[in-house]
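Taking the hints into account, I'd like the entire structure generated from these sequences.
Residue numbers (numbering that gives the first Met the number 0): 0 to 232.
For the record, the hints were derived by calculation from the structure and aren't laboratory data.
All values reported here derive from a predicted model rather than from experimental measurement.
Keep in mind that the hints are not guaranteed to be accurate.
[Unchecked claim] Across the chosen pairs, the derived CB separations fall in these ranges:
1. P110 <-> N78: 46 to 56 Å
2. V37 <-> T125: 22 to 32 Å
3. L61 <-> L136: 12 to 22 Å
4. F142 <-> K76: 19 to 29 Å
5. S6 <-> G170: 44 to 54 Å
Glycine included, C-beta positions come from ideal geometry on N, C-alpha and C.
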Amino acid sequence: MNYGLSSNFNLETTLSFGSRHMDFGKKSNYHHRDESKVGIGDLKIILRYLKSNISFGPGKRLFFGAGIIIPSNNTIKKNPYSGGKHTHFSMSEGVYKFIGEMQYFKRDKGPIVNGIVTQLIMPLHTNKYSFKPGTELSMTGYFLFQKLNILSGLPQVMLTASKRYANTWPGYDGTGETNLIISSGLMWSRGNNHYSFTLGYPFLNTPDVIKSGENVDGYANTINITFSARVVL
Numbered sequence: 000m001n002y003g004l005s006s007n008f009n010l011e012t013t014l015s016f017g018s019r020h021m022d023f024g025k026k027s028n029y030h031h032r033d034e035s036k037v038g039i040g041d042l043k044i045i046l047r048y049l050k051s052n053i054s055f056g057p058g059k060r061l062f063f064g065a066g067i068i069i070p071s072n073n074t075i076k077k078n079p080y081s082g083g084k085h086t087h088f089s090m091s092e093g094v095y096k097f098i099g100e101m102q103y104f105k106r107d108k109g110p111i112v113n114g115i116v117t118q119l120i121m122p123l124h125t126n127k128y129s130f131k132p133g134t135e136l137s138m139t140g141y142f143l144f145q146k147l148n149i150l151s152g153l154p155q156v157m158l159t160a161s162k163r164y165a166n167t168w169p170g171y172d173g174t175g176e177t178n179l180i181i182s183s184g185l186m187w188s189r190g191n192n193h194y195s196f197t198l199g200y201p202f203l204n205t206p207d208v209i210k211s212g213e214n215v216d217g218y219a220n221t222i223n224i225t226f227s228a229r230v231v232l
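Now the structure itself:
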């Protein structure tokens, strides 16, 4: 949810929840097997300051934001590289993180509103299970087709490039992760409130794996589904 606190400040809160599944597809053992997790993930809180163009009329619009990610207890509680039966993933990473971001948008009389969003997510500590996630950097190009109408909404397209540095476990030396994600959806305006629905798919994904001289035969298919609401109080 996005709350308009004043003409210059808004507060965004995002609570992740859902289910994650992994189909190993081969004969299972203590290390590799089918897995699934269901539950609540992280709570993200970001305070944004609108530097210019409050009414979002023609011209340039600039945001600066900072916030925090609050983890849930649905996290991995055993080092997956220590041997024995373990879990490969969960709904939360169990670590508080700092968020810093900048948003820039340009709107004129043309058919497309375009913009760019850059974001830094930095872990603040190593959790009690000896895990520390990698720092994340991302950049998103945003395009809103303001003169088209589909299902009473405006179509939008986003292209996101992200880099995540290697996670830290005792005895683990990782490679880091790179993603390129394309997303599309619709945005609706109802009075002063705005709602959007998007679907995203990573067409380039280099996962974080342990460094070795062996080729790793693996892949991941992911679809990101997002609904957001901006409510002016």
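Status of each hint after checking the structure:
1. P110 <-> N78: 46 to 56 Å: Since P110 and N78 have Cβ atoms about 52 Å apart, the given range 46 to 56 Å holds.
2. V37 <-> T125: 22 to 32 Å: holds, 26 Å
3. L61 <-> L136: 12 to 22 Å: The hint (12 to 22 Å, Cβ to Cβ) holds, given that L61 and L136 are roughly 20 Å apart.
4. F142 <-> K76: 19 to 29 Å: This hint is violated: roughly 42 Å between Cβ atoms.
5. S6 <-> G170: 44 to 54 Å: Holds, since S6 and G170 (Cβ atoms, about 52 Å apart) stay within the stated range.
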